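Counted the way the working numbering counts, the sequence shown spans residues 692 to 797.
Read the hints as simulated data drawn from the structure, not as lab findings.
Treat the numbers as computed from the prediction; the structure is a model and nothing was measured.
Where is the CB? At the ideal position from N, CA and C, for every residue including glycine.
Hints are supplied without guarantee of correctness; some may be wrong.
What the hints assert, rightly or not - Derived Cβ-Cβ restraints for the label pairs, each shown as a range:
no.: 1; residue 1: L764; residue 2: P725; range: 30 to 36 angstroms
no.: 2; residue 1: A777; residue 2: P725; range: 15 to 21 angstroms
no.: 3; residue 1: W727; residue 2: L764; range: 21 to 27 angstroms
no.: 4; residue 1: P740; residue 2: T779; range: 16 to 22 angstroms
no.: 5; residue 1: R726; residue 2: F786; range: 29 to 35 angstroms
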Amino acid sequence: MKTSDLAYLDERLPIASGQTISQVTTVALQTGLPRWAPFNGILITCGAPKIPEELLGQLVTGGRMVVPVGEKLREMVVVEKTGETAYTTTGEGFFRFVPMLKGTVE
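Given these sequences and hints, build the entire structure.
So, in structure tokens, the structure goes:
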């Protein structure tokens with residue numbers, strides 16, 4: 692089973708006005724989903740060598756991204772967008788995650 696089989700890609704979900712929805716989506720970390728941005732939150736579930744700057748601009752002000760950063764032992768980092776180009780980061784402890792692999796997401 693491919694990773695993309697576990698999530699739905701570009702699928703429209705019916706929601707009424709005023710409702711919010713979370714959708715699991717598999718995307719290439721290098722680009723994210725700029726056409727759907729901005730997002731209130733981005734959760735990355737594989738280890739990244741560094742904070743993916745490409746995704747920072749896809750957050751709304753006040754939005755947060757959670758990403759495990761590092762090589763083998765990864766620090767869970769929470770990045771909050773505090774202004775147009777301003778961010779705060781906090782470390783929430785060290786964990787082990789599978790590494791991010793280039794070219795595995797279609």
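Evaluated hints:
1. L764 with P725: 30 to 36 angstroms: The hint (30 to 36 angstroms, Cβ to Cβ) holds, given that L764 and P725 are roughly 31 angstroms apart.
2. A777 with P725: 15 to 21 angstroms: 20 angstroms, holds
3. W727 with L764: 21 to 27 angstroms: Between W727 and L764, where Cβ atoms are some 32 angstroms apart, the hint is violated.
4. P740 with T779: 16 to 22 angstroms: 21 angstroms, holds
5. R726 with F786: 29 to 35 angstroms: 31 angstroms, holds
This entry does not satisfy hint 3, going by the numbered hints stated previously; all others are met.
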